[in-house]
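Asks: Sequence:
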Amino acid sequence: MSEIKETKAQRVERLKREKNAWEHFDEIRAFARQGHASIPPEWLGTYFRSWGVYTQGDGAGVVGGKNGEGKATPFFMVRIRIPNGLLSSQQARTIADLAERHARGVADITVRQNVQLHWVTIESLPEVLEALWRVGLTTTGACGDVARNITGCPVAGFDAHQYCDASPLALEVNGQLGGNSEFYNLPRKFKVSITGCRSWCTYPEINDVGLTAVTRKRSHGDEVGFSLRVAGGLSTDPHLGVRLNAFVRWEQAVPVLRGVAELFRESEVLRQNRERARLKFLFLHHGWTADSFLGALQDRLGFALDTAEPEEVPSDIHRDHIGIHAQKQQGLSYVGANVLRGRITPEQLRTAANLSDRYADGHLRNTIMQNLLIVNVPNEHATRVAGELTAVCLQVRDSAFARGTVACTGSEFCKLALTETKSFARWLTEELDQRLPGFQEQLKLHITGCPNSCGQHWIADIGIEGKKLKVDGRMVDAYYFCVGGSVGEFASIARPVGYRCAASEVPEAIERLLSEFNERREPGENLRRFFARHSNEQIRGWLAGELVASVERDAAAGPVPMGVEG
Numbered sequence: 001m002s003e004i005k006e007t008k009a010q011r012v013e014r015l016k017r018e019k020n021a022w023e024h025f026d027e028i029r030a031f032a033r034q035g036h037a038s039i040p041p042e043w044l045g046t047y048f049r050s051w052g053v054y055t056q057g058d059g060a061g062v063v064g065g066k067n068g069e070g071k072a073t074p075f076f077m078v079r080i081r082i083p084n085g086l087l088s089s090q091q092a093r094t095i096a097d098l099a100e101r102h103a104r105g106v107a108d109i110t111v112r113q114n115v116q117l118h119w120v121t122i123e124s125l126p127e128v129l130e131a132l133w134r135v136g137l138t139t140t141g142a143c144g145d146v147a148r149n150i151t152g153c154p155v156a157g158f159d160a161h162q163y164c165d166a167s168p169l170a171l172e173v174n175g176q177l178g179g180n181s182e183f184y185n186l187p188r189k190f191k192v193s194i195t196g197c198r199s200w201c202t203y204p205e206i207n208d209v210g211l212t213a214v215t216r217k218r219s220h221g222d223e224v225g226f227s228l229r230v231a232g233g234l235s236t237d238p239h240l241g242v243r244l245n246a247f248v249r250w251e252q253a254v255p256v257l258r259g260v261a262e263l264f265r266e267s268e269v270l271r272q273n274r275e276r277a278r279l280k281f282l283f284l285h286h287g288w289t290a291d292s293f294l295g296a297l298q299d300r301l302g303f304a305l306d307t308a309e310p311e312e313v314p315s316d317i318h319r320d321h322i323g324i325h326a327q328k329q330q331g332l333s334y335v336g337a338n339v340l341r342g343r344i345t346p347e348q349l350r351t352a353a354n355l356s357d358r359y360a361d362g363h364l365r366n367t368i369m370q371n372l373l374i375v376n377v378p379n380e381h382a383t384r385v386a387g388e389l390t391a392v393c394l395q396v397r398d399s400a401f402a403r404g405t406v407a408c409t410g411s412e413f414c415k416l417a418l419t420e421t422k423s424f425a426r427w428l429t430e431e432l433d434q435r436l437p438g439f440q441e442q443l444k445l446h447i448t449g450c451p452n453s454c455g456q457h458w459i460a461d462i463g464i465e466g467k468k469l470k471v472d473g474r475m476v477d478a479y480y481f482c483v484g485g486s487v488g489e490f491a492s493i494a495r496p497v498g499y500r501c502a503a504s505e506v507p508e509a510i511e512r513l514l515s516e517f518n519e520r521r522e523p524g525e526n527l528r529r530f531f532a533r534h535s536n537e538q539i540r541g542w543l544a545g546e547l548v549a550s551v552e553r554d555a556a557a558g559p560v561p562m563g564v565e566g
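Numbering follows our numbering, in which position 115 of the sequence shown is assigned residue number 115; successive positions increment by one, without gaps.
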């Protein structure tokens with residue numbers, strides 16, 4: 001009788017049942033002593049991920065590999081968990097030191113407020129982890145089938161217009177879910193966002209669970225609680241979170257989030273297929289609705305939630321916190337610097353840390369648009385802080401293109417990517433600044449190197465997805481265009497317009513498109529509205545410079561491996 005071969009899902013589920021990798025740091029130490037060759041496949045492919053560690057690609061991305069993944073090198077990407085984006089000057093210096101000593105000076109701020117190091121060897125890994133622990137940081141749960149970093153508004157507690165400072169809740173939930181063995185073995189990644197701000201700067205619409213602050217009238221005054229959304233996510237099957245008919249009181253927030261995590265953990269139907277294992281697939285493929293999910297959640301909680309209150313959904317989609325902004329604390333400001341494509345050097349990290357100590361109180365913040373803030377700066381020092389950040393190329397005043405550009409890791413380090421994204425993003429913004437000087441419209445320009453949408457192209461005004469294209473007999477990086485994505489009041493998934501071109505032609509294509517926007521826009525019209533009232537054929541023609549036939553998006557022919565978004 002022939003042996004029945006495990007599916008990928010069955011193998012991963014078996015490995016997770018057999019071992020909680022968080023309890024085996026001793027094995028990581030042993031690998032460090034014995035060298036990379038001693039690491040078994042189950043650690044490289046599964047167990048390291050729950051430690052926030054991925055194998056690093058060879059620079060060619062998915063090309064040259066097999067089963068949808070590129071070749072791995074003897075180096076690792078190490079993701080550092082930064083709950084709510086809260087970072088102290090000491091922690092920033094530690095990350096800078098580790099990047100310099102162990103990561104060839106490469107660090108990236110991610111779209112979930114984390115920081116990633118690259119080029120880390122197995123010999124260095126225990127030292128890196130222990131150095132982070134000493135300053136209150138961890139990589140535990142930054143990757144893998146676990147509760148990922150809890151995101152929150154980076155100016156929580158400082159924003160003069162916030163409903164509430166929800167960062168204490170984010171930290172409490174991080175303690176409840178992050179690194180907790182009860183939630184070690186989830187069907188897939190589980191993403192949580194909690195914000196008390198009015199701008200929803202954490203994009204709750206694309207999280208597995210999103211809590212957004214809302215108020216209701218009570219006899220004793222206004223009560224602050226939360227709206228609840230579930231099952232958001234992007235990747236190859238984008239799905240915006242579904243709002244449940246529930247008002248979550250402050251003291252209910254942690255039990256509710258635990259309850260959703262427990263429902264997810266116990267959804268056996270999601271463990272059958274790795275490519276359909278996120279919470280959203282209960283709605284996409286298994287018939288769940290907002291009412292049925294709420295019913296299951298309330299059964300789990302053992303109490304009923306109050307019905308939802310009307311909410312103010314933000315219409316402004318530009319949520320990057322760049323510039324000098326007054327805080328709610330009189331006489332203080334925060335200074336937000338653009339970190340182009342999220343890549344930050346040890347020198348820049350140290351400069352920001354030193355400025356936060358010299359002129360403020362030693363606190364910094366990461367944002368989900370891959371930027372860095374210094375908070376609690378006395379107003380009289382804000383301009384000086386901005387100038388010193390600018391001197392190390394952390395721009396406090398930047399162009400619309402630099403401010404709005406987000407890029408995933410790309411083929412430089414990622415084994416799933418089709419295209420290089422980080423250097424391309426820098427070149428693209430420089431080209432657009434030259435071609436369209438003075439362009440001021442708020443713009444979200446997102447670059448993702450593969451269908452997994454780690455660069456979140458589905459919610460961008462202009463989202464470009466990495467492809468390959470044969471030009472003069474050789475394969476080159478190329479991008480497929482999607483437009484009109486948004487979050488907030490007009491939340492929608494970007495629509496593919498049927499145009500693809502070589503990476504080298506992208507600046508010219510975007511220049512043509514935005515020139516048409518400048519010429520044809522109606523008074524007060526933004527990009528989202530402009531794209532909405534024009535057909536794919538028109539937009540494709542502007543991108544190409546002539547009427548062209550639609551090109552298929554070339555969705556993956558087979559299963560797409562797990563994305564590595566931060």
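Careful: at least some of the hints might be erroneous.
[Stated by the list, open to error] The calculated DSS-like cross-link candidates involving lysine-lysine, where the alpha carbons are at most 27 Å apart (straight line), are:
{"hint": "1", "residue 1": "217", "residue 2": "71"}
{"hint": "2", "residue 1": "5", "residue 2": "71"}
{"hint": "3", "residue 1": "66", "residue 2": "328"}
[Said to hold, decoys possible] Computed Cβ-Cβ distance ranges for the label pairs, DEER-style:
{"hint": "4", "residue 1": "36", "residue 2": "4", "range": "52 to 60 Å"}
{"hint": "5", "residue 1": "423", "residue 2": "471", "range": "16 to 24 Å"}
{"hint": "6", "residue 1": "5", "residue 2": "181", "range": "26 to 34 Å"}
{"hint": "7", "residue 1": "518", "residue 2": "302", "range": "25 to 33 Å"}
{"hint": "8", "residue 1": "300", "residue 2": "520", "range": "48 to 56 Å"}
{"hint": "9", "residue 1": "380", "residue 2": "41", "range": "42 to 50 Å"}
{"hint": "10", "residue 1": "300", "residue 2": "220", "range": "29 to 37 Å"}
{"hint": "11", "residue 1": "502", "residue 2": "380", "range": "48 to 56 Å"}
{"hint": "12", "residue 1": "504", "residue 2": "354", "range": "37 to 45 Å"}
{"hint": "13", "residue 1": "387", "residue 2": "17", "range": "50 to 58 Å"}
By construction, these hints were calculated from the structure, which means they are not laboratory data. Even glycine gets a Cβ: it sits at the ideal position worked out from N, Cα and C.
Asks: Next, verify each hint and record whether it holds.
Replies: Taking the hints in turn, this is what the structure says about them:
1. 217 with 71: Not OK: residue 217 and residue 71 at ~58 Å, beyond 27 Å, violated.
2. 5 with 71: 24 Å, holds
3. 66 with 328: 54 Å, violated
4. 36 with 4: 52 to 60 Å: Because 32 Å falls outside the window, the suggested range is violated.
5. 423 with 471: 16 to 24 Å: Holds, at about 19 Å.
6. 5 with 181: 26 to 34 Å: 30 Å, holds
7. 518 with 302: 25 to 33 Å: Given a distance of about 57 Å, which is not inside 25 to 33 Å, the answer is violated.
8. 300 with 520: 48 to 56 Å: Holds, at about 52 Å.
9. 380 with 41: 42 to 50 Å: 58 Å, violated
10. 300 with 220: 29 to 37 Å: 30 Å, holds
11. 502 with 380: 48 to 56 Å: The hint (48 to 56 Å, Cβ to Cβ) holds, given that residue 502 and residue 380 are roughly 50 Å apart.
12. 504 with 354: 37 to 45 Å: Holds, since residue 504 and residue 354 (Cβ atoms, about 40 Å apart) stay within the stated range.
13. 387 with 17: 50 to 58 Å: Since the Cβ atoms of residue 387 and residue 17 sit about 55 Å apart, the hinted range of 50 to 58 Å holds.
Comparing the model with each numbered hint stated earlier shows that hints 1, 3, 4, 7, 9 do not hold.
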